[in-house]
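Taken in sequence, the protein lines are chains A and B.
In terms of the numbering used here, the first sequence has 459 at position 458, counting the first letter as 1, and numbering is strictly consecutive.
In terms of the numbering used here, the second sequence has 259 at position 258, counting the first letter as 1, and numbering is strictly consecutive.
Be aware that a few hints might be false.
Heads up, the list lumps identical chains together, so a pair's fine if it works in one copy or across two of them.
[Claimed, not checked] Taking lysine to any residue and the SDA-like style, the derived pairs with C-alpha atoms no more than 25 Å apart in a straight line are: (1) K38 to L71; (2) K162 to T135; (3) K38 to Q73; (4) K38 to T65.
No wet-lab data here; the hints were simulated from the structure.
All values reported here derive from a predicted model rather than from experimental measurement.
Protein chains: 2
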Amino acid sequence: MQLRSGTERISEREETAVSIVVQKFGGSSVADAESIKRVAQRIVEYRQAGHEVVVVVSAMGDSTDELIDLAQQVSPLPPARELDMLLTAGERISMAVLAMAIANLGFEAQSFTGSQAGVITDEQFGKARIIDVTPGRIRSALDDGNIAIVAGFQGVSQTAKNITTLGRGGSDTTAVALAAALEADVCEIYTDVDGVFTADPRIVPSARKIDEIGYEEMMEMAASGAKVLMLRCVEYARRYNVPVHVRSSFSRKQGTWVTDSPIPEAFRPAQGSTALAAESETESTMEQAIISGVAHDRSEAKVTIVGVPDVPGKAAEIFKTVAAQEIDIDMIVQNISTREPGKTDISFTLPMTDGAKALEALDAAKDAIGFDQVRYDDQIGKLSVVGAGMRSHPGVTATLFEALSNAQVNIDMISTSEIRISVVTRVDLLDDAVRAAHAAYGLDSDQDEAVVYGGTGR
Amino acid sequence: MQLRSGTERISEREETAVSIVVQKFGGSSVADAESIKRVAQRIVEYRQAGHEVVVVVSAMGDSTDELIDLAQQVSPLPPARELDMLLTAGERISMAVLAMAIANLGFEAQSFTGSQAGVITDEQFGKARIIDVTPGRIRSALDDGNIAIVAGFQGVSQTAKNITTLGRGGSDTTAVALAAALEADVCEIYTDVDGVFTADPRIVPSARKIDEIGYEEMMEMAASGAKVLMLRCVEYARRYNVPVHVRSSFSRKQGTWVTDSPIPEAFRPAQGSTALAAESETESTMEQAIISGVAHDRSEAKVTIVGVPDVPGKAAEIFKTVAAQEIDIDMIVQNISTREPGKTDISFTLPMTDGAKALEALDAAKDAIGFDQVRYDDQIGKLSVVGAGMRSHPGVTATLFEALSNAQVNIDMISTSEIRISVVTRVDLLDDAVRAAHAAYGLDSDQDEAVVYGGTGR
Numbered sequence: 002m003q004l005r006s007g008t009e010r011i012s013e014r015e016e017t018a019v020s021i022v023v024q025k026f027g028g029s030s031v032a033d034a035e036s037i038k039r040v041a042q043r044i045v046e047y048r049q050a051g052h053e054v055v056v057v058v059s060a061m062g063d064s065t066d067e068l069i070d071l072a073q074q075v076s077p078l079p080p081a082r083e084l085d086m087l088l089t090a091g092e093r094i095s096m097a098v099l100a101m102a103i104a105n106l107g108f109e110a111q112s113f114t115g116s117q118a119g120v121i122t123d124e125q126f127g128k129a130r131i132i133d134v135t136p137g138r139i140r141s142a143l144d145d146g147n148i149a150i151v152a153g154f155q156g157v158s159q160t161a162k163n164i165t166t167l168g169r170g171g172s173d174t175t176a177v178a179l180a181a182a183l184e185a186d187v188c189e190i191y192t193d194v195d196g197v198f199t200a201d202p203r204i205v206p207s208a209r210k211i212d213e214i215g216y217e218e219m220m221e222m223a224a225s226g227a228k229v230l231m232l233r234c235v236e237y238a239r240r241y242n243v244p245v246h247v248r249s250s251f252s253r254k255q256g257t258w259v260t261d262s263p264i265p266e267a268f269r270p271a272q273g274s275t276a277l278a279a280e281s282e283t284e285s286t287m288e289q290a291i292i293s294g295v296a297h298d299r300s301e302a303k304v305t306i307v308g309v310p311d312v313p314g315k316a317a318e319i320f321k322t323v324a325a326q327e328i329d330i331d332m333i334v335q336n337i338s339t340r341e342p343g344k345t346d347i348s349f350t351l352p353m354t355d356g357a358k359a360l361e362a363l364d365a366a367k368d369a370i371g372f373d374q375v376r377y378d379d380q381i382g383k384l385s386v387v388g389a390g391m392r393s394h395p396g397v398t399a400t401l402f403e404a405l406s407n408a409q410v411n412i413d414m415i416s417t418s419e420i421r422i423s424v425v426t427r428v429d430l431l432d433d434a435v436r437a438a439h440a441a442y443g444l445d446s447d448q449d450e451a452v453v454y455g456g457t458g459r
Numbered sequence: 002m003q004l005r006s007g008t009e010r011i012s013e014r015e016e017t018a019v020s021i022v023v024q025k026f027g028g029s030s031v032a033d034a035e036s037i038k039r040v041a042q043r044i045v046e047y048r049q050a051g052h053e054v055v056v057v058v059s060a061m062g063d064s065t066d067e068l069i070d071l072a073q074q075v076s077p078l079p080p081a082r083e084l085d086m087l088l089t090a091g092e093r094i095s096m097a098v099l100a101m102a103i104a105n106l107g108f109e110a111q112s113f114t115g116s117q118a119g120v121i122t123d124e125q126f127g128k129a130r131i132i133d134v135t136p137g138r139i140r141s142a143l144d145d146g147n148i149a150i151v152a153g154f155q156g157v158s159q160t161a162k163n164i165t166t167l168g169r170g171g172s173d174t175t176a177v178a179l180a181a182a183l184e185a186d187v188c189e190i191y192t193d194v195d196g197v198f199t200a201d202p203r204i205v206p207s208a209r210k211i212d213e214i215g216y217e218e219m220m221e222m223a224a225s226g227a228k229v230l231m232l233r234c235v236e237y238a239r240r241y242n243v244p245v246h247v248r249s250s251f252s253r254k255q256g257t258w259v260t261d262s263p264i265p266e267a268f269r270p271a272q273g274s275t276a277l278a279a280e281s282e283t284e285s286t287m288e289q290a291i292i293s294g295v296a297h298d299r300s301e302a303k304v305t306i307v308g309v310p311d312v313p314g315k316a317a318e319i320f321k322t323v324a325a326q327e328i329d330i331d332m333i334v335q336n337i338s339t340r341e342p343g344k345t346d347i348s349f350t351l352p353m354t355d356g357a358k359a360l361e362a363l364d365a366a367k368d369a370i371g372f373d374q375v376r377y378d379d380q381i382g383k384l385s386v387v388g389a390g391m392r393s394h395p396g397v398t399a400t401l402f403e404a405l406s407n408a409q410v411n412i413d414m415i416s417t418s419e420i421r422i423s424v425v426t427r428v429d430l431l432d433d434a435v436r437a438a439h440a441a442y443g444l445d446s447d448q449d450e451a452v453v454y455g456g457t458g459r
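Just chain A, same shape as in the assembly:
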């Protein structure tokens, strides 16, 4: 893969007439033959508009789950290499059928496995990382006038040439990686929602679709629980400056652009359309608001180590013990123990699914580290407010605390970054907390204006 800076890449592409579009369709968009035909129609429209089109596709509907069920029937703990071999059959089916549906509309299409498309990975079966993309066959297929259909979620290991899968969010990552390697003008991620919202619309019905968001903010949203895009996919897009357009496969509306650059000319909403013009006005309002949205996460648990000797190195011992289990820790808080002098309490959050493993490891290390006890709490929720330049506007934090206080929500832990504040609350108060924060920052769609901090904006 040729690595170039985003600026170079974009200016070079502007000189050429043809745009390269990478489109990714998830499992729900290709759940059955009818959906596949509808997707084929949509793809063909891009080809007719003169674009070169590369499509990344997931397995049909629930077929991956069905394959996992089948594996479980013969083996409670199937070997990871074989599980990856099995699961990659899912995209092989959807991509071939999609290519057939496109051919049936009179257009040339060729499907390619991850391996054929040059998606080279390491050999961590089930959660492989992409280490290179060599899309020579895809480039040739495009040169021959074909629409290229690529299996998402899968690759081939560099040395042993074994088939791998990329794990959660893998198909999105395949799409962004191919877009980067092909120097595509845009990577469209089609999904079953209209885009990225200022909060989960199931919790906050007045949440608004975000029209444009920067990579950093999107990364924080994804890391904080927004499920539309996976963090690794956004990281990849940021590293190679790939403009990502998250949108619905069930409508023609503009979705959410994830980019730090202007939206490419060819893909900007038409100015003539009244609907889009109205949307565009909302968009400019949104651009000035510094708060992107409110994310939430119910998937974490809190571990508290009580009575840790307050001497240097003890915290390191604790986190080394947890890290040895390959567990990612999120928020960390340390307080002087109120019960016993010379001792301290350390709390941290981690994915609930890793809870048992962490407790076991800590228990084994208890005497060596010398703490008193471990407490485990999986009834927590995390709320995160994400927005640019937050650290330099103290009012942002104050607004959050005031809103939560008014909503009778107690705060258990706090952590902040340049563009994010996260708080941990009781899980049964999380929805109230999200609604309160969303309203306090003026993000509700029935509010006239978003709250703007600092001197810029209007």
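For chain A, the structure is supplied; the task is to place chain B on it using the hints.
Quick look at chain B alone, frame taken from chain A:
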């Protein structure tokens, strides 16, 4: 693939202690998780006995048909490249699940696609021919102590590296081709019947299992409608002198050995077993009978071209017309026309599925060739008697004609080879004809002795 003569190959292998066994399991043997577990158990027993085991597996049960249905839902005529890509998902699933089932029994197993196993083909999608087998990864897997599971029916094209399927009987051919390339001691074809029979037991209940049969006879049986093994697989076995053992996946009984050489020592039926000793006696009786069996075929139709000008080159024009449609012609008969002097009638048989295509092509060429009309008859059946040295024993043909005459079966067409006589009859008389011929040659299991022609035998 290193080509060597059969003798060299066998003598070399006898010096080494380890035997290589290639086992092929068809779709009905791996129809569901339970069947797969049973097959895994059987495979593991061979590994435990010290053999190196390579398993070739078809898609589970009806899954290939289900994939074809899915394709039909999006396209009435799916592109051949994409159909092959789609269908190869079937074996990918079965082979990975089988590898998991073996791992669950505590043995190491790795699955390989056709491409990974080095099955190199031409690029006739849907009916690719194997042009080379480079089983380096399989050999390495065996060296590492693994059981290797290989997807049957599929390969990769030599130049363009596209995924291909081998068409009907493809998995058997994969197994024999791998056995040849790996210089295996035996290629076991597991199926849902006990072996090759002297006739179809559904028609002739007294048909006997053939214990041993030569390649030539088996080729004639396969070409004449015996469905247990496909012709191309037997041709391949003969060319590379691969001993093939066709047997049931539902019993432990010896099946039918297809080979021109003695059965390899390690795989001969144990002499201690009474059941096998009894079987073995039947076997030696069978070896002396020159008639291997009676095959039948209901899949052909007869085309008669009426009133062909009796001048040189006309027959060639007709068969060139048909051949241009890539249709394989089987039997051909030419008679002087009884109606018109200077004209002749030409009849031939062809696969019923190619009937419409042939008629269309002939119709288009009617004026150019100058015949009167084409008749089409799909109510025919073909009966073939196969046995070694038949041509030099005129009594064989006489026995057939007498038996059919006694059974009131009229003969429509006749063709013969060194080791086969085939006749075409009305399809509704075919079963009677098969039973009559089977009895006439003394093949019924309740008959004391098979009829032996010529001076050898008893």
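Here is how each hint holds up against the structure:
1. K38 to L71: between (28 Å within a copy, 12 Å between copies)
2. K162 to T135: Both. Shortest intra-copy (14 Å) and inter-copy (15 Å) distances satisfy the 25 Å Cα cut-off.
3. K38 to Q73: between (32 Å within a copy, 12 Å between copies)
4. K38 to T65: both (20 Å within a copy, 21 Å between copies)
In this structure, none of the earlier numbered hints is contradicted; all agree with it.
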